[in-house]
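Residue numbers (our numbering), protein chains in the order written: chain A, -5 to 429; chain B, 6 to 439.
It is worth saying that the hints were derived from the structure and are not from the lab. If you're wondering where the values come from, they're calculated on a predicted model, not measured in any experiment. Warning: the hint list may mix true and false statements.
Okay, derived cross-link-like pairs now, DMTMM-like style, lysine to aspartate or glutamate, Cα gap no bigger than 25 Å in a straight line [unchecked claim]:
hint, chain 1, residue 1, chain 2, residue 2
1, B, Lys438, A, Asp246
2, A, Lys404, B, Asp280
3, A, Lys247, B, Glu258
4, B, Lys242, A, Glu104
5, B, Lys424, B, Glu434
6, B, Lys423, A, Glu299
7, B, Lys363, B, Glu376
8, A, Lys247, B, Asp235
9, B, Lys423, B, Glu285
10, B, Lys438, A, Glu403
11, A, Lys264, B, Asp281
12, B, Lys424, A, Glu299
13, A, Lys285, B, Glu218
14, B, Lys424, A, Glu410
15, A, Lys404, B, Asp273
16, A, Lys404, B, Glu434
17, A, Lys303, B, Asp273
18, A, Lys241, B, Glu260
19, B, Lys328, B, Glu380
20, A, Lys264, B, Glu218
21, B, Lys242, A, Glu265
22, B, Lys400, A, Glu279
23, B, Lys403, A, Glu279
24, B, Lys328, B, Glu376
25, B, Lys188, B, Glu373
26, B, Lys213, A, Glu277
27, B, Lys177, B, Glu66
28, B, Lys294, A, Glu262
29, B, Lys259, A, Asp393
30, B, Lys207, A, Glu277
31, A, Lys340, A, Asp356
32, B, Lys294, A, Glu279
33, A, Lys381, B, Glu260
34, A, Lys296, B, Glu285
35, B, Lys213, A, Glu278
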Amino acid sequence: MSDPVVDNAVPSGNSSVAIPTDISGQILDLDEDDDLEVFSKGTTLTEGSSFNASMQTSPASMINQYKFEEEEGDADTKDIFVTVDNPESFVTAIETYVTYRVMTKTTRSEFDASEFEVRRRYQDFLWLKGRLEEAHPTLIVHPLPEKFVMKGMVERFNEDFIETRRKALHRFLNRIAEHPIFSSTDDFKIFLTAESGELTSHKKQGPSFLSRMGETVKAVAASVRGVRNRPEEFTDMQEYVEAFTQKIGSLDKVSQRIVREKKEHLEELKECVPIYTLWSQSEEELAEPLKSMADCLDSCCKETEEQVKEHNDLLIPALHEYVLCTETLKAVLRRRDNIQADFEAKTEALAMKKADKDAMRDELDKMEDRLEWANNALKSDWTRWQKVMRTDLRSAFVDTAERNVNYYEKCLAVWESFLHSQRTEAEGNGKVDCS
Amino acid sequence: MADSGSEEIAVIGNTDLTPSESENNLKNTMVEKGTNLLKRMEINVAEAEKRTGKNAVNMQETYTVYLIETRPVDAASEGTNPVPDSLWRRYSEFELLRNYLLVAYPFVVVPPLPEKRAEFVWHKLTADNMDPDFVERRRVGLENFLLRVASHQVLSNDKIFYSFLTEENGWKETVFETGFQAKADSRLKALNATFRVKNPDKRFADMKHYGDELQSVISQLLRVRARAADRLYGVYKVHGNYGRVFSEWSAIEKEMGDGLQSAGHHMDAYAASVDDILEEEEHYADQLKEYLFYADAVRAVCRKHELTQFELEMAAQDLTSKKQQREELATGTVRTFSLKGMTSKLFGQETPEQREAKLKMLETQIEEGEELVKERNTECDEYVKSAWVDIERFKEQKDHDLREALISYAIMQISMCKKGIQVWNNAKECFSKM
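Throw the hints in and build the complete structure from the sequences for me.
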């Protein structure tokens, strides 16, 4: 496809993007975009069609790689830094979309340079996620922010929405960068470094539409068949995921409810301020304390506003990401089950067939390897995920608690100074009170 | 224009006071400041109890009675601590007492009773008069009322008030015997009537306006405060859900379990703490309510001034017109249009005898009129003097009490913040162990 496609990430301010003459390219593009979601969930590994460098190593060496995962991800040994910022709207005749700047700084040898700066849109992140899931169906990819936000009719181009999305995209890329397997994939490297034209052509090199269709059909068949002898540890995982889904969902709801209630309390508190001010205007002796009271309440209102904003910016997104995680976890477990189901089916088929046994046995061995590899990958990544989850949620809650303490400390100061000034004044007037 | 030597000055509105009692009242307002009942007697409303009985229309009803205990001050200081005298009174009797005082002492800003029905409630409190929290707050309010009356220079010496505190039986009859109710009705009528006063005392006009503003602003404040309390309740209570979910979540986690579990306890504590907080806030609301009702009492005093001023102006106006009529009759000229004048023109002049009779009648009326004007003038002056004294007293009390209320509100907020800091610091510690 030599014609420039809409996906061309032209630097901001340049509105002279060539209008594509070949519309069919766009249609395929968008279709791929949507289908990416479907395929990435159901795809099983296609032999020989991998574009991922790490895929070409044998399963055995893959297993070994996991033993090193503990040493990776330390802050001291971090050798790649990624940021997502600078969202900008991009307008063409066909559509409007937002691009984000992705900056990379790295000392890794596989990168040609030490610094990169590219622009990416949401679709591109979606593509990356899909590729990683395709290549590693039983590894856990950190969730992306949602495509659409149904509640509240939030526009895609609303500032808050874009900022929330930007932060989530930033987190997503960083999680990928911290992951021992994902961060060394070709797809990741290309995502971080390729100019838009390069990226587009690379994207097109994926498995064809039809072959993907075939994979989906296989996946559906596998899940219908079901797994016969699921190892207990994976059943335990499933139970955990179900329970965790419930809990994290509740926490998400509770936190959002708290923010709502606080906002409503704030509204009422705000109404008190002008009433005290009005009152102070009818009074003589009391004018000063009443005005002071109004000021105190006003300060407290500001602190409450601050606090609500912080909750919204920190705790809510953190919890929400883990709500999205549960979908990923369920998908990963499902895919593992499918691999096993596939293998079981083949095993059965072999038992029944008389001819071509050798060829089938070869295939069977490969599938067995694949299953073992998938299981081990999942187990290691599971442990990894749990650690990350624990760290993330712990810091989110610690942060929240800290901010709440901070809020009360500020309000305390406001009221203590009010009290002090009132008491000093009362004493000055000869009316000492003892409380 | 007061008759300065006389001690028998009628106290406005209550002609049933004996001369010695009115003397007493006067003495108390002008001379003996500080010898009020509270200095000689301890008063408190100790308990509340539910009673059932037959009411006026012979139907069963449930009501609450309050125990009033009194004890001479000296007895307590002697260290003997004798058993206090006590009697039971219900809310309607307090109302009767107050209505009596309103009529007997119209120049006094009479302390208000706690509200008859719970208003400005937020959702937790019911508007039920039998609700124990409501009854308790009412008990406090009634005690406050008695203490305020007992420490008032004028009111504290009232015999009816004294017997309210000391004589359980027959008190109601005694009150009715004063005949205050007849005056209550006419007073009520007068206060509700609209009339235009030509020369009101500016201070009273301003004070009435202040009363209006105070009532408006406090009502608004109470309404908003009630809604804010409701919301605050919601914020705290929802945190209780954290407690529950943390606890459930801790069951499926290994390393995080302990931290979550203990954090959950703190969330429960946080949620529970709002009950005490809002109870204290209710006390602040009660203090505001008292002054909401006081605003009404102040307005009543100002209205009474307008009434007396109006009556004076009416009397003066009447006198002027009578004098004019006399002049016309005497000189035979008709200065102003009058129906009498027209009819006499139409139907012929009166006879000299008729004119004489008319003149004589007018003379008498004018004499009476002048007396009336003198009387009313005195009334007005006296009223203005004594009412303004009480208004000044009220203003000082109001400034002091409301400042105290604001201070206690701040103290309450401080306590709430300190509790919040403690809980969230504890929670933070637990979270960091997750």
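Can you list which hints this structure breaks, lowest number first?
4
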